[in-house]
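Visitor: Sequence:
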Amino acid sequence: MKPKFYDTAEKQEKAVLVGIITPHETEEQEREYLEELEFLVETAGGATVKTFTQKMQRPERATFVGTGKLEEIKNYVAAEEIDMVVFDDELTPSQMRNIETELQVKILDRSNLILDIFAGRAQTAQAKAQVELAQLQYLLPRLTRLWTHLERQKGGIGMRGPGESQIETDRRLILNKISLLKEKLKHIDRQNETQRKNRVALVRVALVGYTNVGKSTIMNMLSKSEVFAENKLFATLDTTVRKVVIENLPFLLSDTVGFIRKLPHHLIECFKSTLDEVREADILIHVVDISHPNFEDQIHIVTETLKDLGAIDKKIITVFNKIDAYHPTAINLEEPEKTTTLQEFEQSWMARNNSPAIFISALNKENLDEFRKLLYDQVKAIHTERYPYDQLLY
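Quick note on numbering: the sequence shown equals residues 1110 to 1503 in my numbering.
The hints are simulated quantities; they were obtained by calculation from the structure and are not laboratory data.
Treat the hints with caution; some may be incorrect.
Claimed, not checked - Derived EDC-like pairs: lysine to aspartate or glutamate, alpha-carbon spacing no greater than 16 angstroms straight-line:
| no. | residue 1 | residue 2 |
| --- | --- | --- |
| 1 | 1123 | 1147 |
| 2 | 1371 | 1147 |
| 3 | 1371 | 1211 |
| 4 | 1371 | 1134 |
| 5 | 1416 | 1385 |
For clarity, every value in this text was computed on a predicted model and none was experimentally measured.
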């Protein structure tokens, strides 16, 4: 008898992406948002098959997109056997319920997708607790749709289902779990605070930036350590701190979670404690992927996030990474239509901004000596000001 072989490989889920173009957004911007959403789907292990967009004044209250567009998506999903439909904005519980009823496939929004990626990437107890807390806060208002099979189908004796009481039980359990997680995170925060107090003698430097710009690669390069790095969004969730010595000068370098546009507010709140390393750093290294066509938008998003964290007044070194992948392009200068080379942009950036900047390729190890020298000078300035009689540097 011939042996039977079964394919045990996990099937890659096929996804369709949906976004709307509002009056304050251009088609180009929405295309960029959907490209980022596609990268998120890929990071989560899915494959994007098609994208749908619709121009609207505002999202439809009941179904996010119009009924005609929803019908078009429904026909495509059925014909192509799509596994899930991912929306670029956060859906309300009623929108998710209505869309799911209409399309009969798994429905995710941007927040749900990011939470799923975070759940898969969390390694430490703190990160796991933070992600679980954010997931429960996201789930709480959406409980109703999980218990539709227990709703009353019709009236009469013996037909009173336990659906509503089950939802109330679940809500109470989730609220209790949220309370326990918050207590657990407070305890972890106190431990982290004690650790940070022990490090106060050394100058502290933190890497910040948009997700997937090369922060972990730079961390590995400077600290000669093996921090996990790959070309996917949110490769780093857990803040890593390493002692680095350049010439004779020691300092602490930390790698933090990357920022992204439309980051779920649950996650921002839950990860604020992780970003204490940013708030308490002496110097911030703002890493920018200069090869990305919209790196200036990413700079703006990171700057706004730093303002929210109360860390914008710190000394900031801007590191433009991935110059090996940079292509001359039109950049928002005095003449936007003019093609700008890397050298021209470098000169214009230096003229527009007083903060120190360096252009490097962490992958190809270009301009690393200049970067180390710049970092050494900035750390030394703070060290000599803090410890004027320290003989370590002389």
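Visitor: Do the alpha carbons of residue 1371 and residue 1211 lie within 16 angstroms of each other, as the hint requires?
Guide: violated (26 angstroms)
Visitor: Has the given pair, residue 1416 with residue 1385, been kept, meaning a C-alpha gap of at most 16 angstroms?
Guide: holds (13 angstroms)
Visitor: For the pair we were handed, residue 1123 and residue 1147, check the Cα-Cα distance against 16 angstroms.
Guide: Distance ~11 angstroms between residue 1123 and residue 1147 Cα, so the pair holds.
Visitor: Between the alpha carbons of residue 1371 and residue 1134, is the straight-line distance 16 angstroms or under?
Guide: holds (14 angstroms)
Visitor: For the pair we were handed, residue 1371 and residue 1147, check the Cα-Cα distance against 16 angstroms.
Guide: Holds. Residue 1371 to residue 1147 sits at ~14 angstroms (cutoff 16 angstroms).
Against the hints set out earlier in the document, a violation occurs for number 3 only.
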